[in-house]
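> Top to bottom, those sequences are chains A and B.
Taking the working numbering, the leading residue of the first sequence gets -9, the next gets one more, and so forth.
Taking the working numbering, the leading residue of the second sequence gets -9, the next gets one more, and so forth.
These are calculated hints, taken from the structure and not from any lab test.
Computed from a prediction, not measured in an experiment: that's the story for all the values here.
No residue lacks a Cβ here, since even glycine has one placed at the ideal position from N, Cα and C.
Please note: incorrect hints may appear among the correct ones.
[To be verified] The following residues of chain A were derived to be distant from chain B, with all beta-carbon distances above 12 Å:
no. : residue
1   : ALA(-2)
2   : VAL4
3   : ARG21
4   : ALA27
5   : ALA159
[Stated by the list, open to error] Using C-beta positions, here's what the derived DEER-type ranges look like:
no. : chain 1 : residue 1 : chain 2 : residue 2 : range
6   : B       : ALA164    : A       : GLU62     : 56 to 62 Å
7   : B       : GLN14     : A       : LYS8      : 39 to 45 Å
8   : B       : ARG172    : A       : ALA138    : 20 to 26 Å
2 protein chains.
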Amino acid sequence: MRMSELSAATAVAVPTLKFYLREQLLHAGERTSPNQARYDETHVERVRLVRALIDVGGVSVARARDIIAALENDAMPLSSVFGVAQRAVTPPAGALNGPADEAASTAFTADSPGGRLILDLCRRRGWSVHSNNPGLAQAARVLDTYSALGHDRLHAVLDDYAEAADRVAGADLAAVASAPDRDEMTNVVIVGTVLGDALLAGLRRIAQEAESFRRFPLPAGTPTPTLLETDPSC
Amino acid sequence: MRMSELSAATAVAVPTLKFYLREQLLHAGERTSPNQARYDETHVERVRLVRALIDVGGVSVARARDIIAALENDAMPLSSVFGVAQRAVTPPAGALNGPADEAASTAFTADSPGGRLILDLCRRRGWSVHSNNPGLAQAARVLDTYSALGHDRLHAVLDDYAEAADRVAGADLAAVASAPDRDEMTNVVIVGTVLGDALLAGLRRIAQEAESFRRFPLPAGTPTPTLLETDPSC
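Just chain A, with the same shape it has in the complex (with noise of 0.2 Å):
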């Protein structure tokens, strides 16, 4: 298919086709003629895997280049496909991004309050990690926040959340390894990893909602807005 035809079948704009061939996020065409090339269903499959990463993951196109990186580099070990994803996820904290970057290459050191909560953490759950694993810092960071607001008592929490990350990484780890060839279980790790964030998160909020409302119901008077389970159109 002509690149007008890769266009219409992602609904992603030629000029954007372009930037992805330039910044090396979309393979080459085969070409045809000096100002013309075709391109076939991997670069379909290519355009959307892109776009998901970019639009749903929140993936800068500088992190978006090593996945696909990762992606073509079939003798990378799979712990080294996780690491390359787990960096390339924005952190929901925004300010986490530079210093995120610099620790991909910088060892974790538990110089902090939160950080030494969570080497004993680690220590306590059997969590053998490299210590640039860019979950460190960011786990110790918020720990960190916590306590500079005052608010020690959600320190209690990390326990419970250690757990269910657990219970998360055992089903990542189950669906990678569930994939039938090296290319797919690449594939999985890549795009399980960055969107899984987006899914956790959203499941939160409304395990979150569901609880706050068997913990503290409204207040007699309040009008109750319209609840999903009792929404005629479901």
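Based on these hints, arrange chain B on the given structure of chain A.
Same frame as chain A, but now just chain B:
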């Protein structure tokens, strides 16, 4: 204290403090002359909270203003405070920002395969929530994206993720319930909801790497990088 002292106490520059005042993120000080005002400990605390929301939580200024308004509205039911905090959290998905803001006032309709999976999940788990809960559309969108990318196998994670979300929500609400008074409870709702996503995402990255080493050991001969637990600095 004067504004310069508030700046020193919070490590936030004076022009930024003036911006917070204009944007109603910070309450006015007590005026002592036409050009001067006096600030106190409540201002220090507020500035710290605003910084945490914006820097660590990745919340926009507009959403931070909603949160501060909720904080100052003593009549707002706690479940509504949760709603404000949930909607303020930047979704891990970049492009979800726009739709999520609109979704704040839009009822969820299970009009896609992902939406129906989420609706079924809510029924299965007995999650009773408003139809405008922002997590519904966010979770549905991720599932639909998995499908669009040909990764239906990733739907298998849903029940484990939901179990994890319930565990996290239980811990969140227990932390809220442990606060001594209504002001503090509101604060814990906001801080825990906004920063909890980053904590959970960080722990997920750690658990995922630990689990991936268990399931997929590095090939023999691969140089072993420094693992956290063997790091002598720990």
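> Could you run down the list of hints and mark each one as holding or not?
Verification of the supplied hints:
| no. | hint | in the structure |
| --- | --- | --- |
| 1 | ALA(-2) | holds (16 Å) |
| 2 | VAL4 | holds (20 Å) |
| 3 | ARG21 | holds (28 Å) |
| 4 | ALA27 | holds (24 Å) |
| 5 | ALA159 | violated (4 Å) |
| 6 | ALA164(B) / GLU62(A): 56 to 62 Å | violated (46 Å) |
| 7 | GLN14(B) / LYS8(A): 39 to 45 Å | holds (44 Å) |
| 8 | ARG172(B) / ALA138(A): 20 to 26 Å | holds (22 Å) |
The structure fails to meet hints 5, 6 from the earlier list, while all remaining hints are met.
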